[in-house]
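**Student:** Residue numbers (numbering that gives the first Met the number 0), protein chains in the order written: chain A, 0 to 400; chain B, 0 to 250.
Hints were generated in silico from the structure; no laboratory data involved.
Be aware that a few hints might be false.
[Said to hold, decoys possible] Simulated coverage check for chain B against chain A, where a stretch passes if three residues somewhere in it have a Cβ under 8 Å from a Cβ of chain A:
1) 88-101
2) 116-123
[As the list claims (entries may be wrong)] Here are some chain A residues the structure puts well away from chain B; computed CB gaps all over 10 Å:
3) R119
4) M238
5) Y240
6) N244
This one's a predicted model, so the numbers in the text were calculated from it and none came from an experiment.
Each residue gets a CB set at the ideal place from its N, CA and C atoms; glycine is no exception.
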Amino acid sequence: MLGLNKKDTTLLIIVAALTLLAPFILNPFPTESGLAQFNAGYPDLMQRFVIFGIFAIGFNILFGLTGYLSFGHAAFLGVGSYSAVWMFKLLSMNVIPAIILAVIISGLFAVLIGYVSLRRSGIYFSILTLAFAQMSFNLAYSVLTPITNGETGLQLTLEDPRVLGQSATADGSIPVTNLFGAEMRSTYEMAVGPWAFQFNMGYYLCAIIMLVSFYLAIRIFRSPFGMMLRAIKSNQTRMSYTGLNPRPYTLAAFVISGMYAGLAGGLMASMDPLAGAERMQWTASGEVVLMTILGGAGTLIGPVLGAGFIKYFENIFSKINDNILHGWFAFMPDGLEDFVVTILHPFIGKGWHLTLGILFMLVVIFLPGGLVEGGQRIARLFRGKKSDDKSDEATQSTPAE
Amino acid sequence: MGILEVKNVNKRFGGLQALGDVNLSVAENTCHAIIGPNGAGKSTLLNCFVGKLIPDTGSVMFDGQSVLGRTPHEINQMGISRVFQTPEIFGDLSVLENMMIPIFAKRDGAFRMHAIENMHNEKEIVEAAEQMLEEMNMADKRHMHSASMSRGDKRRLEIGMCLSQQPRLLLLDEPTAGMARADTNNTIDLLKQIKDERDITIAIIEHDMHVVFSLADRITVLAQGTPLVEDDPENIKGNPKVREAYLGEAA
Ligand SMILES: Nc1ncnc2c1ncn2[C@@H]1O[C@H](COP(=O)(O)OP(=O)(O)OP(=O)(O)O)[C@@H](O)[C@H]1O
Ligand SMILES: [Mg+2]
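With the rest of the complex left out, here is chain A (with noise of 0.2 Å):
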């Protein structure tokens, strides 16, 4: 179906029926219930899900394929979120223009970028990528305020032109974002017994959004293109003297996972329409790294699956405190209770990262391939020996599965 295989269309279509009910499947708590804390299913976390799943797959492209590894992607992020901003400010509320120009603006900087940044590889590339990256953030800070307005971040005003839309509603409030007048807040809740579910329009365009960028992400995967990327990791020399230039193959590599990255930035900026230079900064860099090594580099899901689960411990993780812990653990004797919760503190709430880390720590050195591999693994634990043979033929025909 649509150009891909029976395994890739298969992939496809979970990821979106995934996506599609994200609203139910991250919401299996009754709302009342004490583990209602851990879902997942609200508008705001569902939006950041699929976003960080399009600039996580976008980097893979570059990361999984070719292996350059860059430390400054986040400087995509950033410019798209200014652009869309802008967008909103200049020409009207509506996000398909805020989106395209999101993707133009950062494809021409990605061009720039990786232009100089591809001169070189291994260690010097990932510095060089980073180095552009502070660099676009302190400028984002002091010299370009007049375009990204320093510290307080780009705001929309009653002020902005809005040449195709309004300034200011009818009642004096500044307009929302929207899809042709679809407004992206806009959210149906569904109540079913004691659950409720909520259905956003942002979460959907995102969602859609991002099936077609998994879409185009897999077709580039199995496409000639993406063997020539799969071949500059393997062996440069090789490329080269099969004569093949491995310069413009990166280089158009890296534009394209800076358009994922601008794309998501975009995204972000018509959720919530406001644009910070703090997007840019090297820890947004390198998260966009560890969800693709955490869920598995150069494979088809694993930088969705990583963007997900660090979303997901970032926004879950983080709200979990002591009182919450005394409450799992009021069945033990006292002394023990507070015992318990104080081994268990460092790791909660703020501690989140520590947990994180661990976490990533134990995939890295016992799953090289991620999170992917730890799924590989358990399924082959299911199928049994039987399917040994044919399993392992797999993995060696299809390396980027």
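Given chain A, work out where chain B with the ligands should sit, using these hints.
**Tutor:** The following block gives chain B with the ligands in isolation, referenced to the frame of chain A:
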């Protein structure tokens, strides 16, 4: 005029004169062997043909055009393919993919943005690659991860990858080094077959005299970066200077 004309090539590495006034002419559709003791400068000379090294002085002309100052991929696109002393293949890719890449390079040139094209629509490339694997006797290995093959198979694959581009000049740097006797004999047969069936010029560096005398139409002996003699194989065998500089050592 040979297809490859090397004139007065010098190359120094710091204090070491790796190549000193090398003149060489490789005639079209012949197999020209370059032999010489370890460190004689054979690989260095080959590196000057493919854009890996630029000689300090002198000229290297392929089919009337200078190759100096061109990048490796440009030189390949001119029609020169090279097999390395240690096999250079795409280890992470399957054998079939390894074989497809040079065929893509031949058809599409140094770069083409075929990012949305489907591999299923590249039937001619896949077929050409499978046919080449058939010729190399490797068809049964086509879905193997190429890094997991034996060294002999990697070498065969690399030779096949070069041949699939139908180069006018094939450069081989010790193609049988580190191979078992049986593999060496297979390689000799393969190269003989290539020579007989195709319009191709071969320049081969080799230590194994059995290989050299089985294949070469012409031999240049290199010692300490300078050609000692160039002659037909029969004359080289009997040449006392060569015996002293090289064959004596080998025997
Ligand atoms: N890049 C380099 N930098 C410095 N010295 C080099 C370099 N490449 C080769 N040499 C030196 O130049 C000389 C010739 O080396 P070369 O590899 O051409 O020899 P060779 O004839 O191919 O030998 P072998 O039979 O061992 O492959 C050697 O002394 C080697 O150490
Ligand atoms: Mg050598």
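**Student:** Confirm or reject: A:N244 is not an interface residue toward chain B, with every Cβ-Cβ distance exceeding 10 Å.
**Tutor:** violated (4 Å)
**Student:** Beyond 10 Å from every Cβ of chain B: is that where the Cβ of A:M238 lies?
**Tutor:** The assertion about A:M238 is violated, with a minimum of 8 Å to chain B.
**Student:** Would you assess whether A:Y240, listed as outside the interface, keeps its beta-carbon beyond 10 Å of every beta-carbon in chain B?
**Tutor:** Not fine: 5 Å to the nearest Cβ puts A:Y240 too close to chain B.
**Student:** Given as covered by chain A, does the stretch 116-123 of chain B meet the bar of three residues or more with CB within less than 8 Å?
**Tutor:** Held - the stretch 116-123 of chain B has 5 residues with a Cβ nearer than 8 Å to chain A, which meets the minimum of three.
**Student:** Does A:R119 sit more than 10 Å from chain B, CB to CB?
**Tutor:** The claim holds: A:R119 sits with its nearest Cβ about 17 Å from chain B, beyond 10 Å.
**Student:** Test coverage of the stretch 88-101 of chain B by chain A using CB-CB distances below 8 Å; three residues minimum.
**Tutor:** holds (count 10)
When each numbered hint is compared with the structure, violations occur for hints 4, 5 and 6.
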